[in-house]
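Engineer: Next come the chains, spelled out residue by residue.
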Amino acid sequence: MVGITVRDLEISFPLYHGNARSLKKTLRNSLSGRFTHDERDRVVVQALRDVSFTLNPGDRLGLVGGNGAGKTTLLRALAGIYEPVGGSVTVTGHIGTLLDPSLGMNMELTGRENIRLRGMFAGLSPAAIRSVEDDVEAFAGLGSFLDLPVQTYSSGMTVRLSFGLATAIMPDVLLMDEWFMAGDASFRQRARKRLETLVSKADILVLSSHMADIMADWCNRLIWLENGQIRMDGSTREVLEAYLGRPLEEPEKDAASPDALPDLIQPAPDAAEPIILPEGLPPIFCRALPAGRAFSFPHSHRVSGVTYCPASRRIETIRPPHAERSIYDPTTSAPQTKSLFYNRQYHAARGCHGGHGGHRPDGCFCGRHAQYGLYRAPE
Amino acid sequence: MPYSLHVLRATVRNLLTLAHNIPVVLVVFLLFRVVPTWSWTMPAACALWIFDSFMATLLLGILGARFRDVPPIVASTLQILFFVTPILWAPELMKTGQNWLLLDPFFPLLEILRTPFTGDIVQAAIWPAALAWSAGLTVLTFALFARMRARLAYWV
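If you read the sequences in order, they're chains A and B.
The opening residue of the first sequence carries number 55 in the working numbering; numbering runs sequentially from there.
The opening residue of the second sequence carries number 11 in the working numbering; numbering runs sequentially from there.
Honestly, the hints are just simulated from the structure, not real lab data.
Be aware that a few hints might be false.
[As the list claims (entries may be wrong)] Okay, derived cross-link-like pairs now, SDA-like style, lysine to any residue, Cα gap no bigger than 25 Å in a straight line:
no. : chain 1 : residue 1 : chain 2 : residue 2
1   : A       : Lys79     : B       : Leu147
2   : A       : Lys78     : B       : Lys105
3   : A       : Lys78     : B       : Gln133
4   : A       : Lys255    : A       : Leu85
5   : A       : Lys79     : B       : Ala75
6   : A       : Lys79     : B       : Leu69
7   : B       : Lys105    : B       : Pro115
8   : A       : Lys78     : B       : Ala156
[To be verified] Derived contacts from chain A toward chain B, CB cut-off under 8 Å, selection only:
no. : residue
9   : Arg75
10  : Leu77
11  : Ile135
12  : Glu137
Owing to the predicted nature of the structure, the values given are computational and were not obtained by experimental measurement.
Note that beta-carbon positions come from the ideal geometry of N, C-alpha and C, so glycine has one too.
With the sequences and hints as input, model every part of the structure.
Structural biologist: Set out below in structure tokens:
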């Protein structure tokens, strides 16, 4: 079971400078006895105080806050780099971190050797390492430089290699710092695409960023940190609006108009049978899809969508934009609210790889389960 | 990553550096016609050396992370110990008080490996002294590490 529990986390950094860094002076002070300092006489920066939250599979947590608010420290504490001074951090599941670009890179080894090193560190089989190698080679586009030591690379090449490497191995819990959104425009685009795959496959994402649109797109929960404390914890929208001090602009409203819908979402044909949804949702019509055809929404079409999975006999509704996905299980009739994102465990439990057709993670409608295209009720 | 990984890396690196000195020893042995006598203490001594170097690296690593003046202190202490310890001179040159040498941590450790190689007879007190120093080092290091492990990341 993947999860993160943080209870009353407190982290403070002692600032050692001058005499405090000298063993000789520290010893002399403690031996001379007359000019001793108080044990507490050191400057301490409180980086985090009273931080508590719990994350479950499917949670996409974003951290917002000004510089020095404690975002990176919190990520490092989650990664296990800083042990808590007070409170506790419990993380279950395999952690992947995108915190430091040069993490785990040996500058004297070649690019290819670094890839193997990382693969071995992640405990991959030789075959898996080879596929990671091909994957990174294709992404980084370093050509013959891949066989030269990393210290001969330009800084841009190093970033491309480390980014490709860091995103090649799929973790359960993904921790991401904001630098991953940096880089030149063409790289950023490719990087973003790659990140989206990674993000969609991770069970839990914790992301720190300044970019409101990335937060709005990728997260379903935000924590606003200020001076090391949680100032606000809530849904993406409400926290972002409070943080930015203005309402979020409605993203791409026009795309949701019926004529812009993908061809899968059309007025229901006469033959379709209505499925009556609970809680007064409008009736939905469904029709069998051509075999093997995935049901997907491209990014720009944030429509009300519904999928019906005959295998589990569950109906999933999606409310725009970036709301939750509600799963109605007719057998229990208790609506559960799930993340809008691709739910790997849901499909894995049914022995399905769950490939999705859309290029957005939330366009996940696995071709095997969604054998029914769903249509809007005729107006 | 466990912290001991970094210590192991440093230990292995230094062992490899040390291995480069083996040809010098061989040449010296040939020149002076020294025939090492095989004894079971040789591998035991090597193992103790490796273990101690791991512990010493860990100990100095913790101290070095916290205090910046540790490397120069270590360098000058080693310099003094190099001359105090019978490395360039033989302990037999001391007319009295040879037992005081056991208080030098490097002496017993050096003796347990050197005597089998040169074919000398090891004194009775040498092995207990070497083991006692190693145990002391281990206890000290372990106590310090157990106490400071959580703080290490905040120092670097």
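Engineer: Hey, does the A:Ile135 contact hint survive, CB to chain B under 8 Å?
Structural biologist: holds, 5 Å
Engineer: Would the hint linking A:Lys78 and B:Lys105 be met if the CA-CA limit is 25 Å?
Structural biologist: Not satisfied, since the Cα-Cα distance of roughly 36 Å exceeds 25 Å.
Engineer: Under the criterion that the straight-line Cα-Cα distance not exceed 25 Å, is the pair A:Lys78, B:Gln133 satisfied?
Structural biologist: violated, 37 Å
Engineer: Under 8 Å is the threshold here; is the Cβ of A:Arg75 close enough to any Cβ of chain B for the hint to stand?
Structural biologist: With Cβ-Cβ at 4 Å, under 8 Å, it holds.
Engineer: Quickly compare the C-alpha distance for A:Lys79 and B:Ala75 to 25 Å and report which way the hint goes.
Structural biologist: Holds - the C-alpha atoms of B:Ala75 and A:Lys79 are around 16 Å apart, at most 25 Å.
Engineer: So, as I understand it, the hint says A:Glu137 touches chain B; can you test that by seeing if any CB pair is closer than 8 Å?
Structural biologist: holds, 4 Å
Engineer: Is the hinted pair A:Lys255 and A:Leu85 satisfied, with a Cα-Cα distance of at most 25 Å?
Structural biologist: Given that 25 Å is the threshold and the Cα spacing comes to 58 Å, the pair is violated.
Engineer: Next pair to validate is A:Lys78 with B:Ala156; report whether the Cα-Cα distance is within 25 Å.
Structural biologist: Since the Cα atoms of A:Lys78 and B:Ala156 sit roughly 23 Å apart, the hinted pair holds (cutoff 25 Å).
Engineer: If you draw a straight line from the CA of B:Lys105 to the CA of B:Pro115, is it 25 Å or shorter?
Structural biologist: holds, 21 Å
Engineer: For the pair we were handed, A:Lys79 and B:Leu147, check the Cα-Cα distance against 25 Å.
Structural biologist: holds, 23 Å
Engineer: Identify whether the interface hint at A:Leu77 stands, where standing means a beta carbon of chain B within less than 8 Å of its own.
Structural biologist: holds, 4 Å
Engineer: Decide if the proposed pair is consistent with the structure: A:Lys79 and B:Leu69, CA atoms, cutoff 25 Å inclusive.
Structural biologist: holds, 19 Å
Of the numbered hints listed earlier, those contradicted by the structure are 2, 3, 4.
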